[in-house]
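J.: With the hints as constraints, model all of the structure from the sequences given.
Taken in sequence, the protein lines are chains A and B.
Basically the working numbering = 1-based index in the first sequence + 10.
Basically the working numbering = 1-based index in the second sequence + 25.
A hint or two may mislead.
Stated by the list, open to error - FRET-style restraints, in silico, Cβ to Cβ:
#1 GLY90/B / ASP110/A: 29 to 39 Å
#2 ALA136/B / LEU114/A: 42 to 52 Å
#3 LEU114/A / GLN116/B: 16 to 26 Å
#4 VAL183/B / PRO68/A: 36 to 46 Å
#5 VAL70/A / GLY146/B: 18 to 28 Å
#6 MET11/A / GLN116/B: 37 to 47 Å
#7 ILE27/B / ASN103/A: 54 to 64 Å
#8 THR138/B / MET11/A: 16 to 26 Å
#9 ASN103/A / ALA136/B: 42 to 52 Å
#10 VAL149/B / ASN103/A: 47 to 57 Å
Hint data in this document are derived by calculation from the structure and do not stem from the laboratory.
Just so you know, even glycine gets a beta-carbon here, dropped at the ideal spot from N, CA and C.
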Amino acid sequence: MIELAHIQVLSAALFCIGMYGVLARRSAVLILMSIELMLNAVNVNLIGYAAFADFADPEVARPQGQVIIIFIITIAAAELALAMAIILRLYRNRSSVNVDEIDLMRW
Amino acid sequence: MIEPSLVLFYIAGTLTLGGALGVVMTRNIVYAAFALLASMIGVAGVFLLLFAEFLALVQVLIYGGAIVIVVLFALMLTRIQDFEHLTDNRQWPIAALIAFAIFGLLVAGIARTDVRVADGGRQVVEFKDLGESLFVQWAVPFEVASLVLLVALIGAIVLVRSTGGRE
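T.: Laid out in structure tokens, this is it:
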């Protein structure tokens, strides 16, 4: 039987893999994909709680967990569109998407 | 006797984590995009196992369809041969250490936290309840989210448009 702890550990592992990708990768596109992984880890965690937790008013609270995930997916799509536009722009201006070389705004 | 749902959960979890590892490990960025697709399909499987059919559908459509396609398009519009031999930056051992440390911390936190769980395991959410919650209780945030999407799309178009003679 699936338990909440299974979902939580899966979510934690997915989040940490995504974080490793953000910290260790050089290509901006790959960093973006890793951020998507982290967002998905949050979704998995939320759906775990929405399905398992003992709410005071489950008829209201359980659907709300799913609604929040729908919003996260929406925002993730918007974020990805903008980030891809920024990456394409960056590529056009600097002909590179290596984040180590992009230090215009570095202190 | 192992329950079928648990077996299915392990399959979905393996797909998710394997795809995620593929994204952060592979040296070819096109493979990374397809590994991301596998990971997203795995997450959709987890959603299905937790009775969130609508979310599984949305996940496959938005992540499996749109987002991976957008990533692949971005790769096509930039020079793809630059990406066939990706290297990680020099801090990757530190990054791995931090990721493992935070994973350990999270698992310790999960093990120590006592969440009140409803009797009978996974609970079903009716489609009707989800729709009511989304379009009655959350109607205004829903509209704001659609506005956010519109603004993001216009912003993306403005950003990538070639500005003709003005530059």
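J.: Starting from the hint 42 to 52 Å, judge whether the C-beta atoms of ALA136/B and LEU114/A obey it.
T.: 44 Å, holds
J.: That 16 to 26 Å hint for THR138/B and MET11/A (C-beta), does it hold up?
T.: Since THR138/B and MET11/A have Cβ atoms about 20 Å apart, the given range 16 to 26 Å holds.
J.: With respect to the beta-carbon atoms only, verify the hint that VAL70/A and GLY146/B lie 18 to 28 Å apart.
T.: 20 Å, holds
J.: The hint says 42 to 52 Å between ASN103/A and ALA136/B; measuring C-beta to C-beta, is that right?
T.: Roughly 48 Å apart at Cβ, these two residues keep to the hinted range, so it holds.
J.: Go ahead and decide if the range 47 to 57 Å is satisfied by the Cβ distance of VAL149/B to ASN103/A.
T.: Between VAL149/B and ASN103/A, where Cβ atoms are some 51 Å apart, the hint holds.
J.: Holds or violated: the 37 to 47 Å window for the beta-carbon distance between MET11/A and GLN116/B?
T.: 41 Å, holds
J.: Is 54 to 64 Å respected by the C-beta to C-beta distance linking ILE27/B and ASN103/A?
T.: About 55 Å separates the Cβ atoms of ILE27/B and ASN103/A, which means 54 to 64 Å holds.
J.: Does 29 to 39 Å hold as the CB distance between GLY90/B and ASP110/A, or does it fail?
T.: Holds, since GLY90/B and ASP110/A (Cβ atoms, about 32 Å apart) stay within the stated range.
J.: If you check the beta carbons of VAL183/B and PRO68/A, does the distance land in 36 to 46 Å?
T.: Taking Cβ atoms as reference, VAL183/B and PRO68/A lie about 45 Å apart, which means the hint holds.
J.: Can you tell me whether the CB distance of LEU114/A to GLN116/B sits inside 16 to 26 Å?
T.: Roughly 21 Å apart at Cβ, these two residues keep to the hinted range, so it holds.
Violated hints for the displayed structure: none, as all numbered hints are satisfied.
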